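Undergrad: Position 15 of the sequence shown, counted from 1, bears residue number 5 in the numbering used here, the numbering being contiguous throughout.
Everything labelled a hint here was simulated from the structure, so no lab data went into it. Just so it is clear, the structure is predicted and the values come from calculations on it, not from any experiment. Careful: at least some of the hints might be erroneous.
Think about it this way: if two alpha-carbon atoms lie no more than 20 Å apart in a straight line, the pair counts; the simulated EDC-like pairs of lysine to aspartate or glutamate are [what the hints assert, rightly or not]:
#1 Lys58 <-> Asp111
#2 Lys90 <-> Asp37
#3 Lys67 <-> Asp37
#4 Lys97 <-> Asp50
Derived DEER-like restraints, expressed as beta-carbon distance ranges [unchecked claim]:
#5 Met3 <-> Asp40: 27 to 35 Å
#6 Asp88 <-> Asp62: 17 to 25 Å
#7 Tyr86 <-> Asn108: 15 to 23 Å
#8 Asn18 <-> Gly77: 25 to 33 Å
#9 Asp37 <-> Ser100: 30 to 38 Å
#10 Gln15 <-> Asp40: 25 to 33 Å
#11 Leu61 <-> Lys87: 14 to 22 Å
#12 Thr(-7) <-> Asp89: 18 to 26 Å
#13 Gln71 <-> Asn18: 26 to 34 Å
#14 Lys13 <-> Ala112: 14 to 22 Å
Glycine residues also receive a C-beta, built at the ideal position from the N, C-alpha and C atoms.
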Amino acid sequence: MPTKKTIFIAFAMKDERQRDFLKGQSLNTNSPFEYIDMSVKKAYDKDWKDKVKTRIKRSDGVIALISKSSLDSSGQKWEIQCAREEGKKILGVWAYKDDKTNISGVKTVSWTWDNIKNFIDAL
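Given these sequences and hints, build the entire structure.
TA: Written out as structure tokens, the structure reads:
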């Protein structure tokens, strides 16, 4: 298996459970991908943007879990913008099968092992 990559997961707080599922999926022994999760586990009270920017800078790439909640998540929008400014590759992954919300400028794909693996392997 290639070197483990460092990935920042951008997600709306309403989709926190989906972030947990993504992390759990990577730990599955049959999973074709592995990464170090740099997402924020709980909201920072102050200076959160500086802390998140540091995590994004240290990451090889960003996976954005996209859903209807993403449209109203100012934090996730800022994380995606920060990733763009830092020149990080971003992959959008639809958080739910029945929700195909799009975020302008973010290539979004279905949540499959191959789609995630191909993104991580290409970093």
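Undergrad: For every hint, state whether the structure bears it out.
TA: Evaluated hints:
For a cut-off of 20 Å, the pair hint linking Lys58 to Asp111 is broken: about 28 Å separates their Cα positions. Between Lys90 and Asp37 the alpha-carbon distance is near 32 Å, which puts this suggested pair outside the 20 Å criterion. For the hint pairing Lys67 with Asp37, the CA-to-CA distance comes to about 17 Å; that is within 20 Å, so the pair holds. At most 20 Å may separate the alpha-carbon atoms for a hinted pair to count; Lys97 and Asp50 meet this at roughly 17 Å.
In this structure the hint that Met3 and Asp40 lie 27 to 35 Å apart at CB is violated, the actual value being about 19 Å. For the pair Asp88 and Asp62, the supplied restraint of 17 to 25 Å holds, since their beta-carbon distance comes to about 18 Å. Under the hint 15 to 23 Å, the C-beta atoms of Tyr86 and Asn108, about 21 Å apart, fit the expected range. Between Asn18 and Gly77 the C-beta distance comes to about 31 Å, which sits within the given range of 25 to 33 Å.
For the pair Asp37 and Ser100, the supplied restraint of 30 to 38 Å holds, since their beta-carbon distance comes to about 36 Å. Evaluation of the 25 to 33 Å hint for Gln15 and Asp40 yields a pass: the beta carbon distance comes to about 30 Å. The hint said 14 to 22 Å for the Cβ distance between Leu61 and Lys87, and at roughly 18 Å that hint holds. Checking the proposed 18 to 26 Å range against Thr(-7) and Asp89 shows it is violated: the Cβ atoms sit about 33 Å from each other.
Range check, Gln71 to Asn18: about 32 Å between beta-carbon atoms, so the 26 to 34 Å window is met. A hinted range of 14 to 22 Å holds for the C-beta pair Lys13 and Ala112, which are about 20 Å apart.
Comparing the model with each numbered hint stated earlier shows that hints 1, 2, 5, 12 do not hold.
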